[in-house]
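K.L.:
Here is what each chain is made of, one letter per residue.
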Amino acid sequence: MLRLLNLELQKLLLNRTSKTLIFVSFVLPLFIILLSSFKIPFFGYFTLELGELGVFNFPMIWHLVTYFAAHFKLFFAIVVVSMIGNEYSNKTIKQNLIDGLSKKEFILSKFYTIVFFSLVSTIIIFILSLCIGLYYSSYNEFNIIIRETEFLLAYFVKLVAFFSLCLFLGMLVKRSAFALAFLFILFILEWIFYGIIWKFSTEDIATNIQNFFPLKSIYKLIDVPFLRIAATKMPDNQEFIHDYAVHWHEFAIVIGWTILFILLSYRLLKKRDL
Amino acid sequence: MLLIYNLVTKYTEYRHTLITNLVDFFQHKKPHILEPILTINNLTKKFGYLTAVKDLSFTINKGNVYGILGPNGSGKSTTLGVVLNVVNKTHGDFKWFDGQTTTHDALKKVGAIIERPNFYPYMTATQNLKLVCKIKGVDYSKVEEKLEIVGLLERKDSKFRTYSLGMKQRLAIASALLNDPEILILDEPTNGLDPQGIHQIREIIKQIAEKGTTILLASHLLDEVEKVCSHVVVLRKGVKLYSGRVDEMTSSHGFFELKCNNQSELIKLLEKNTSFKSIKEKDGLISAFLNEPIKSEDFNKYLFENNIILTHLVQRKESLEEQFLQLTDNK
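Listed in order, the protein sequences are those of chains Z and X. Read in order, the letters of the first sequence are residues 142 to 415 in the working numbering. Read in order, the letters of the second sequence are residues 747 to 1077 in the working numbering.
Note that these hints are calculated values from the structure, not bench results. There may be inaccurate statements among the hints.
[Unchecked claim] Mimicking DSS-like on lysine-lysine, the simulated pairs with C-alpha atoms at most 25 Å apart in a straight line are:
1. Z:K411 x X:K880
2. X:K882 x X:K841
3. Z:K315 x X:K835
4. Z:K412 x X:K876
5. X:K880 x Z:K232
6. X:K973 x X:K914
7. X:K1018 x X:K1047
8. Z:K245 x X:K1047
9. Z:K232 x X:K1026
10. X:K792 x X:K808
11. Z:K232 x X:K902
12. X:K800 x X:K983
13. X:K914 x X:K957
14. Z:K235 x X:K800
15. Z:K315 x Z:K235
16. Z:K315 x X:K792
17. Z:K160 x X:K880
18. X:K1063 x X:K1005
19. X:K902 x Z:K411
20. X:K957 x X:K983
21. Z:K357 x Z:K340
22. X:K800 x Z:K411
23. Z:K232 x X:K792
24. Z:K235 x X:K1018
25. X:K914 x X:K876
26. X:K1018 x X:K1041
27. X:K1018 x X:K1005
28. X:K876 x Z:K245
29. X:K1028 x X:K1063
30. Z:K232 x Z:K245
31. X:K808 x X:K841
32. X:K957 x X:K882
33. Z:K245 x X:K835
34. X:K1005 x Z:K411
35. X:K876 x Z:K160
36. X:K952 x X:K855
[Stated by the list, open to error] Reference excerpt, derived from the structure (chain X facing chain Z, CB under 7 Å, subset only):
37. T790
38. L830
39. N831
40. N834
Just so we're clear, the structure is a prediction, and the values are computed from it rather than from any experiment. Positions of the beta carbon are idealized from the N, C-alpha and C atoms, including for glycine.
Using the sequences and the accompanying hints, generate a full structural model.
P.N.:
Printed below as a string of structure tokens:
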């Protein structure tokens, strides 16, 4: 396993473009710290000062930071599709196999890399949230700090699943640019299907079905935290009471997709003549 | 006297080797103990409607230099692709060594370059070779040793994309040699190179062959195969036409190249003679193909007795090229 990871890391880190993108995808989330100093004026009614709002309190901070940081996954997604695209365009995938790498090992080396970088990213986010939290939070008891850390697990699973999808798209179309285009098409398709289902049934059914779609299920893993922030401001307002927790069935759907993407990528490579 | 004595001994020696060779041939004896490296049985590969390789079988034994000959699109690369785990077979099977190891593990004991050299353009030669070391499980110390063999040691820290095609191809050979392979597979190694590059590659191949490494060389360049190979498999449209030793490829008795002042008389005479199967005239040069062995002095005498005086007489065997064209055209 280490051998395969080592192999892929060499391929990535010696490439200037992917090295830069990896760096960016890890460094940009650090700017979430900036959020803490923002003051957002709300049409003159009141000023939202996030730091003062209590959003950086434990355990809320886990939710907030993982939600925002997850958006930076797109940078590493480019790395994932290009690491497949480059293997095809340089024909090095062929040479790797001839040199004695099995097709299974090839896919696994990519998958391990995805898991590795997702793990690194999760650890960075963990440390980042911990620091911001300890600085701003009114509660510093250990029990409160570790509450809702399942958001970190959700963040990790979310990254692995999303990159696995990119890996599969990369294997499918062999070209990085096309793979990213496919990702966008998939996003649109999911909403089109949502619209179709809504037209023939109710919004609730449509949403429930859409929650099973790959991109939506990955997105849904960590819910949008804005209403929750609002709820802390107005705890009595019933409209803002939502279910924000990470659920095991959401995990199950996303992990299911991950396994499917990896297996499909392997099957695709196995069937293909290079 | 001494001269005659020398000639006689030379002749007896020659006859001796000839006879032993013949005996070996008829008893199917081979000089080495047969140790198969690659066995292919009834291999078929179809791309949709197109059959690229059809029911192909042959065995590659240790210690020989094999050539796969065939025009472009005859299934050479496809066959190699199948045994190298990058193309899926349709029917049939193949096994590496004794058939006990999986293909990808067997490939760690094989060195292969196919078509064009495939490396990561942004890595240096050393970095690229180290990556191959990681895949094959070879020690890094081999990297410099093999770069030296192909003469790239000075450029080892240059990025691959800055290399010329000849250098790329030599790097590919270095990469294929990293694991000291039991068999080296080369697919069109001199394709697209300039004469100097071709010469360098051939010299390297010869050196490797001299060390006793088994080599499988796919090519459409006949002189290349003729110069280095002892055995040959000839393919056309995915079908095997011939497999065996290069020197036994045809049972032809060769032909005479003739010129004289009275060409038409000569042709008439030759056409009557049953020893010749065909007569061709081209640019004033008559080629007469033999049905049975005739010595040139007897033939000359025979013509002289029939009042034909030659101005030009050469007895030749077909080159591999002519044999190859005969094989691939006539069927």
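K.L.:
Now tell me if each hint is right for this structure.
P.N.:
Verification of the supplied hints:
For the hint pairing K411 of chain Z with K880 of chain X, the CA-to-CA distance comes to about 22 Å; that is within 25 Å, so the pair holds. As the CA atoms of K882 of chain X and K841 of chain X are separated by approximately 19 Å, the hinted pair is consistent with the 25 Å bound. With a C-alpha separation of about 22 Å, the suggested pairing of K315 of chain Z with K835 of chain X holds against the 25 Å cut-off. With a C-alpha separation of about 29 Å, the suggested pairing of K412 of chain Z with K876 of chain X is violated against the 25 Å cut-off.
Among the hinted pairs, K880 of chain X with K232 of chain Z is consistent with the structure: their alpha-carbon atoms are about 18 Å apart, no more than 25 Å. A hinted pair counts as satisfied when its Cα atoms are at most 25 Å apart, and K973 of chain X with K914 of chain X qualifies at roughly 23 Å. About 17 Å separates the Cα atoms of K1018 of chain X and K1047 of chain X, which keeps this hinted pair within 25 Å; it holds. With a C-alpha separation of about 72 Å, the suggested pairing of K245 of chain Z with K1047 of chain X is violated against the 25 Å cut-off.
Distance hint between K232 of chain Z and K1026 of chain X is unfulfilled; the C-alpha atoms sit about 49 Å from each other, more than 25 Å. Taken as a hint, the K792 of chain X and K808 of chain X pair is broken in the structure, with Cα atoms around 29 Å apart against an allowance of 25 Å. Proximity of K232 of chain Z to K902 of chain X is assessed by CA-CA distance (about 21 Å); at most 25 Å being required, the pair is judged to hold. Between the alpha carbons of K800 of chain X and K983 of chain X the distance comes to roughly 8 Å, so the proposed pair stays at or under 25 Å and holds.
At most 25 Å may separate the alpha-carbon atoms for a hinted pair to count; K914 of chain X and K957 of chain X meet this at roughly 23 Å. For the proposed pair K235 of chain Z and K800 of chain X, the alpha carbon gap of about 23 Å is at most 25 Å, so the pair holds. Annotation: proposed proximity of K315 of chain Z to K235 of chain Z holds, straight-line Cα distance about 13 Å (limit 25 Å). Of the pairs offered as hints, the one joining K315 of chain Z and K792 of chain X holds, with about 23 Å between alpha carbons and a cut-off of 25 Å not exceeded.
This hinted pair checks out: K160 of chain Z and K880 of chain X have alpha carbons roughly 21 Å apart, not beyond 25 Å. Distance hint between K1063 of chain X and K1005 of chain X is fulfilled; the C-alpha atoms sit about 18 Å from each other, no more than 25 Å. About 34 Å separates the Cα atoms of K902 of chain X and K411 of chain Z, which puts this hinted pair outside 25 Å; it is violated. Taking the CA atoms of K957 of chain X and K983 of chain X, the gap is near 34 Å; set against the 25 Å cutoff, the hint is violated.
A distance of roughly 19 Å separates the Cα atoms of K357 of chain Z and K340 of chain Z; the hinted pair therefore holds under the 25 Å criterion. The straight-line distance between the Cα atoms of K800 of chain X and K411 of chain Z is roughly 22 Å, inside the 25 Å bound, and the hint therefore holds. Taking the CA atoms of K232 of chain Z and K792 of chain X, the gap is about 22 Å. The hint holds against a cut of 25 Å. Taking the CA atoms of K235 of chain Z and K1018 of chain X, the gap is about 59 Å. The hint is violated against a cut of 25 Å.
With a C-alpha separation of about 16 Å, the suggested pairing of K914 of chain X with K876 of chain X holds against the 25 Å cut-off. Distance restraint check for K1018 of chain X and K1041 of chain X: the Cα-Cα separation of roughly 18 Å lies within the 25 Å cut-off, and the hinted pair is therefore satisfied. Taken as a hint, the K1018 of chain X and K1005 of chain X pair is honoured in the structure, with Cα atoms around 18 Å apart against an allowance of 25 Å. For the hint pairing K876 of chain X with K245 of chain Z, the CA-to-CA distance comes to about 21 Å; that is within 25 Å, so the pair holds.
Taking the CA atoms of K1028 of chain X and K1063 of chain X, the gap is about 18 Å. The hint holds against a cut of 25 Å. Between K232 of chain Z and K245 of chain Z, the direct Cα distance comes to roughly 17 Å. Compliance with the 25 Å bound is thereby established for this hinted pair. Of the pairs offered as hints, the one joining K808 of chain X and K841 of chain X holds, with about 14 Å between alpha carbons and a cut-off of 25 Å not exceeded. Taken as a hint, the K957 of chain X and K882 of chain X pair is honoured in the structure, with Cα atoms around 22 Å apart against an allowance of 25 Å.
This hinted pair checks out: K245 of chain Z and K835 of chain X have alpha carbons roughly 18 Å apart, not beyond 25 Å. For the suggested pair K1005 of chain X and K411 of chain Z, the alpha carbons sit about 62 Å apart, so the restraint of at most 25 Å is broken. Between the alpha carbons of K876 of chain X and K160 of chain Z the distance comes to roughly 19 Å, so the proposed pair stays at or under 25 Å and holds. Annotation: proposed proximity of K952 of chain X to K855 of chain X holds, straight-line Cα distance about 20 Å (limit 25 Å).
Contact between T790 of chain X and chain Z, as hinted, is not supported at the beta carbon level, the nearest pair being about 14 Å apart and thus beyond 7 Å. Residue-level restraint check for L830 of chain X holds (minimum Cβ-Cβ distance to chain Z is 5 Å; threshold 7 Å). The beta carbon of N831 of chain X is positioned within 7 Å of a beta carbon in chain Z (closest approach about 5 Å), and the interface hint is therefore held. Given the 7 Å rule on beta carbons, the hint for N834 of chain X holds: about 6 Å separates it from the nearest Cβ of chain Z.
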